[in-house]
Every structure is written in C-alpha cells, then in structure tokens.
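> Residue-level listing of the chains:
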Amino acid sequence: MAVFFQSLISGILIGGVYALIGIGLTIIFGVMRVINFAHGDLLMVGMYLTYFLFRLLHIDPFVSIIVTIPLMFLYGAFLQKFFINRVLDALPQNQILLTIGLGLVMSNTVMLAFTSDYRILTTAYSSSSLRLLGLSISVPLLISFTITLVITAVLYWFLYRTDTGQAIRATAQDRSAAQLMGINVKRMSIIAFGLGAALAGTAGALISPTYYIYPQVGSVFTLKAFVITVLGGMGSIVGATLGGVLIGVVESVGGVYVGSGWKDVVVFIVFLLVLLFKPSGLLGTSKD
Amino acid sequence: MKRVLALMMVLTVAVMVPSIVMAKSIKLGFINSITGSEAPIGENLSNGVILAIEDLKGKGVDVDLIKEDDMGKPEKSMAALEKLATRDNVVGIVGPYTSATSNADAKMAERYKIPLLIPAASKEEITRQHLKWTYRVSATTGDYGSILLDLATKLGKPKTMAILNENTDFGVSAAKSAETIAKEKGIKIVFAQAYSKGSPDYRSTLAEVKAANPDLVFMVSYAADAILLMRQSQEIGLSPMAFLGAGAGFSVAQFAAQKEISNGVFSSTQWTKDAPWGDSKAWFDRYVKKFGKAPTYHAACAYESMMIMGQAAAVSGDNREKLREQLHTGKWNGILGEVSFQDYDGYQNQRKAQMLVEQIQNGNFETVWPAQFAVKKPVWPFPGWKK
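As you go down the protein sequences, you meet chains A and B in turn.
Counting in my numbering, the first sequence tops out at residue 288, every number present.
Counting in my numbering, the second sequence tops out at residue 1387, every number present.
These are computed hints drawn from the structure, not numbers from a lab.
A quick note: this is a predicted structure, and the numbers were derived from the prediction, not measured.
For glycine and all other residues, C-beta sits at the position ideal for the given N, C-alpha and C.
Don't take each hint at face value.
Covered stretches of chain A (in silico footprint by chain B; criterion: 3 or more residues with CB under 8 Å from a CB of chain B, positions within the stretch not fixed) [said to hold, decoys possible]:
id: 1; segment: 2–16
id: 2; segment: 110–116
id: 3; segment: 124–134
id: 4; segment: 201–215
id: 5; segment: 251–260
Assemble the whole structure, with the sequences as input and the hints as a guide.
Right, here's the structure in full:
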C-alpha cells in the first residue's frame, strides 16, 4: 500500500509540471489554431536560462522564474510577431513545418553554443525529501508543485477576470467574431504565444533541479504536451490542467503495477480510451 | 656495375609503386549519434575518431573520412550505411554508437558486403548472428556483468540482487546477461524491471526496489538517467551493499562530478586512463588538452576502431573483400591492448576484452578491479548516503 501511495504522490507532483506544459500549448492552440511543435524546445530554452542564471549569477532555480517568465514571454512574442503570424492563414501542414523548423533551429543553436553535454543543476535540496507517514516526498518537486499551483491560479484570474484575458478567450472561441467586436486579434495572438512560451519556460525552470538539461531534451516534452492537450481537450485550460495531473499519475502508478518499461503504453491506452469515448478530449467542446 | 645500378633502379621503383598507391587517401565512413539524445556520449566517439585520423596521418595513412549522423535512430543509421556503401563508395565503416543502431547496421553491412567495425555497442546478439562483414571492438554486455559480479562475490557475500535497466537493446541485453551470471554465482534475483528512459520520475520503481531489500543493485542506463536514478535512490533511502552500474551513463564525468550521489558506485568499463595498455595515460592527457574534457571509454574504443580500420585499409587498398580479410586475420596493439577478432562462445569476429571496474571515490573514477590493474583499493560495502 505504501508503494501505491508513494507512486500516487510522485505522480501528482510531477503531473503539476506536466499541466504547466500542457496549459501553454493549449492556450497557443486555442487562440491561433496552431499546433506548436517547438513547445518542448521552448521548455529547453527555459532550462538553459535557469541553468546559466544559477551557474553564473547564483540565482536559485525557483527564484529565477521571476527572470525567466518575462524573458520567455518576450521571446515567445518575438517568435509570434516575426514567424508564426505569417502562417496563421496557411495550410495546417505548413504551420506544423514552421514550428518543427523553429524547434530544430533552437535545439541545434543551443547545441552549437553549449555542446551536447548533459548539464546537471545541483542545489542543496536536489535530492532531499520529507518523510510523511512512511512516504518520502521530494522537496524540489513539492516546491515546484506549489509554484505551479500559484501560477495556474494567477493564470485563471488573468484569463477570467481581466479584460485582456477575456479578449484572449474570446479570440480563442471565435476569431472573426472577436475581431468584429473590436478586439485586436493580432495582439492577442502575440500575448497568447508569449504566455505559452513563458509557461513552457517556467516548466523548464521548475524541473531543472530534478532533471537534466541537454539541447534535445525538448522532444520528450513536446510529445507529452501534445498528449496532455489532446487528452484535456484542445484549447481547454482546465482540461490541460486535469490532463497533466492525470498523465503524471497514470505514468507513476502504471510504472509500478504494469512495469516501468510499459508506462508509456499505459499512458497511450488511457489516451486512446478517452479519445474513443470522448473524441473532443475530457473537457473539449466539439466545434469546427 | 651498370647491371647492379639497373637492378637497384628496378628495386627502387618496385618499392616506390606501392608507396605511391598508399599515398592515395583511403575513403572510410563513420556513423555516429552526433545529434539526438545520445549525442553527449556520441561526442566522445567523434573526438576519439578525430585523434585517430591525426595519428593515422602520422603513420602515413591519409584518410578521407565521411561522417554521417544517425541521431541514435536505427532507421537513420541504416540509411546512412546505405549512402556510405553505395553513393560515397567507402571501403569500410566504423560505427555506429548504440546497440540498437549497430544491430540494424550489421545486417545492412551484410547486404552491401562492406566491412563494419563496431566500436562501442555491446548487445551480445550483434556478433552472434553469423555475420561475415561485422567486426566488433567493443566488449559484450556479458563482459560488463561478469566483471562486476566477480568483484561483488570476491569482496562480499551478496545473496540477492535487483536489476533495473532501460528498455533499449543495450539495457535488455545487459540485464539478461547479468541475470544469467548471477544465477551461476548463486545470487537470487529479487527484482528485475526495465524502465523507459528519459522519464523524470523513477521514485515509484525505486520504492519497489527498496521494498525487495536486495544486497546488490545492478543498473543499466545511458547517460543522464544514471544521475536521476541515484538522486532518487538517495531520496527514497535505498542503500544496498553495493550499487553496480554497467558502463554507459555510470562512466561519464558528469555523473562522477555529482559527489553526493556518485560516491562509492562501481561501474564496469572497457578502458580507463590507468589502463595498463599502450600509452593510455598520455592519450588521456592529449584528449583532455585538445577537447577540454575527460574522455569516456567510448572515445578510446572509437579511437582504436578507427586506427584498426585505417591501418587495415592502408594494406588492403580499395578492395572491401581484402579489407575484410585484413580485419579477420590481423592483430593490432594500441590503447585497448592487443586486439584481434575471434570466434568464441557463440560469437563471431569479436574482440575478447579485458574489462576493468572503476569506483567513484570523491568525484574521481578510480580503477579498482581486477586487482592486478587496480590503482586504488575498492571501498566495500557502499558507504551509505551522507546526511
């Protein structure tokens, strides 16, 4: 039983970070209907930012998100303004090619600049854990989970309570209608991509104390983000949050009871089942 | 006198002709994981080959090297081999890096009848399928397991062992070999599981290992998963008699640098800077000077493979069949000791490797086993986690 709860707890904690990655992707998709295949690479850029802030300026990885979030937001806004905007009306496959290409440029530039070495960010608490009722809870994961909760809460407040947030959601619901209502759709797109990039970068910052960093690390997370987003319903933020935690738990518990080599299989079976019975995802609304 | 002069001239020409032929550069191929998730270790292979090309030049062998990146993916690797064998028309190929890519390429080499020299992949089956064109410098996973268990049974009396391996060709092969050898030595396997690599969370699996309470924990993983596994072992409080790592991820400098989690871990390897063969120490220093970081055994294996391929091709010229014969019958002596390719224990064209065991002591790899090659005494049992 202890093993079950152990895996459940690790699953929920890691799921929080997955949720963050998924939310970023889902916002981008919701607003622009562009599937961002460079999402994992944005996360990788966030990881490197965190790493160098830590190594050169000795800023704690969890504190460094104060710097990482605005930087990544600007970077995302830049990508949107100069690249993605040009293909918004193009064929979906062209949009996919563009984002894959951007991702490749990012990972290979980082590899050229910093080599393919694995970088390990070791903090004093990297492998410390709390003991609670016979379970061990990883301290860095617990901190990152708490930060994820705060960020998600702020994000909900922004999207549901502020004018800009509502404008973003309106754009996501119906782009032309939003434009007719006087919403600056182009600007919303820039903000949305910036937000998505900032969230991916934050997720990168939050897992860097417990994971490892290398230029191609993004591909692991692009696939995960994609599964989470589709599972939760493309464009649904609540869905992505739920999807992230669900994938975390399924991975962790499946790893124990089915075998850790099989945990991806378990994840994809759950994924297929959800799509079979609810093709639009857990909280997706089936339109267009 | 004239006759003598004429004879001398004829002789000089006769000696010169092959040397003119030799001066022509030899076209060789090199397949490696230059990008992709295996790139960090792939870099070691690339660097090893760079040094080999330099040294071959010093020996008067000019190599025209064509490099191909397979990103660690078998299908890309097969395409690379096909390109090298047909379009580039190279005479022989060194590479690729991983077991999965090597196993795929071995079959392709057979189809295109091109000598393939595998530097660092250790899956047993690669040289156990009666392939004529595949030769292997790398030790096998059986070698990795047996030297570690040899050390463990000589230093202590372990009764149980847990095996945790990644579910790649290399991981599965190493786990299977370790299981067989453990049974021979009377060690009971209390836990055996394959995990899928790159996952950020192994805690639940490690909790299970801890619940099984094994004397030995045998792990097989590429690159950085080793760090994650040990970090999370510390978190969970897993503390067996010894942690045994089968090369790869446990033998990279970044792992050793994490003193808190790497201290006391044993790792089997094919080469260390203290290796008693050739000029290992000088070669190590030269590598560090040129590339600014310490080489893993992969670099040494790739270096030696390219040296062998280059020297063999210098003799055989542009003929693939002759090159294969050279590889089959030749003997070389370099930083891996004496290398020849033999048939034994169901293997074909396989180097019989003398393995070494390193232990990480205070962030440094120290060669601790076998006793005749050791430079430091092994620390046994596992000293426990620092609080």
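> For each hint, tell me whether it holds in the structure or not.
Results for each hint:
1. 2–16: holds (count 7)
2. 110–116: Held - the segment 110–116 of chain A has 3 residues with a Cβ nearer than 8 Å to chain B, which meets the minimum of three.
3. 124–134: Holds, because 4 residues of the segment 124–134 of chain A bring their Cβ atoms closer than 8 Å to Cβ atoms of chain B.
4. 201–215: holds (count 6)
5. 251–260: holds (count 7)
The structure agrees with every numbered hint stated previously.
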